[in-house]
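Novice: All chains, full assembly: derive it from the sequences and hints.
If you read the sequence shown in the numbering used here, its first letter stands for residue 6, the second for the next number, and so on.
Since the hints were derived computationally from the structure, they do not count as laboratory data. Glycine included, each C-beta is placed from N, C-alpha and C at the ideal position. Incorrect hints may appear among the rest.
[What the hints assert, rightly or not] Cβ pair distances, simulated, as ranges:
no. : residue 1 : residue 2 : range
1   : 46        : 69        : 31 to 39 Å
2   : 46        : 15        : 18 to 26 Å
3   : 83        : 60        : 16 to 24 Å
4   : 38        : 65        : 19 to 27 Å
5   : 94        : 65        : 13 to 21 Å
6   : 86        : 34        : 14 to 22 Å
7   : 18        : 79        : 26 to 34 Å
8   : 109       : 63        : 32 to 40 Å
9   : 84        : 30        : 27 to 35 Å
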Amino acid sequence: MLPALATPPDPRGRRIGAYRLLRLLGRGGMGVVYEAERADGQFEQHVALKLLTTALTGTEAHDRFLVERHILAGLGHPAIAHLLDGGVVADGTPWFAMEYVDGEPIDA
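Specialist: Listed below in structure tokens is the structure:
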């Protein structure tokens with residue numbers, strides 16, 4: 006059974022890899038998704054950045070998250086947001102960045 010997810014803290018300004026978190030977009034059973042912008046000065050880019058919930062680091066869910074990232078890396082279709090980047094933050098929490106698609110959520 007997965008632990009209950011607490012309301013994530015205000016992410017504005019937090020850096021994950023080359024990205025600065027802007028706002029929460031959504032949350033699910035394994036993690037949270039934020040709108041983020043490239044913040045390393047190389048070029049401008051907005052992404053959807055998915056971060057595993059810290060409480061799940063080192064669990065079976067952690068392994069599933071890494072498998073999801075690996076699968077996304079191999080997908081290529083106009084209807085699927087492309088994987089752009091990924092990594093692990095200092096506390097061991099994995100993340101990945103995908104194309105940001107502006108619009109309404111599917112369940113809206």
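Novice: Could you run down the list of hints and mark each one as holding or not?
Specialist: Status of the hints after comparison with the structure:
1. 46 x 69: 31 to 39 Å: Holds, at about 34 Å.
2. 46 x 15: 18 to 26 Å: Given a distance of about 24 Å, which is inside 18 to 26 Å, the answer is holds.
3. 83 x 60: 16 to 24 Å: violated (35 Å)
4. 38 x 65: 19 to 27 Å: holds (21 Å)
5. 94 x 65: 13 to 21 Å: holds (20 Å)
6. 86 x 34: 14 to 22 Å: holds (19 Å)
7. 18 x 79: 26 to 34 Å: With a Cβ separation near 33 Å, residue 18 and residue 79 satisfy 26 to 34 Å, so the hint holds.
8. 109 x 63: 32 to 40 Å: holds (35 Å)
9. 84 x 30: 27 to 35 Å: violated (18 Å)
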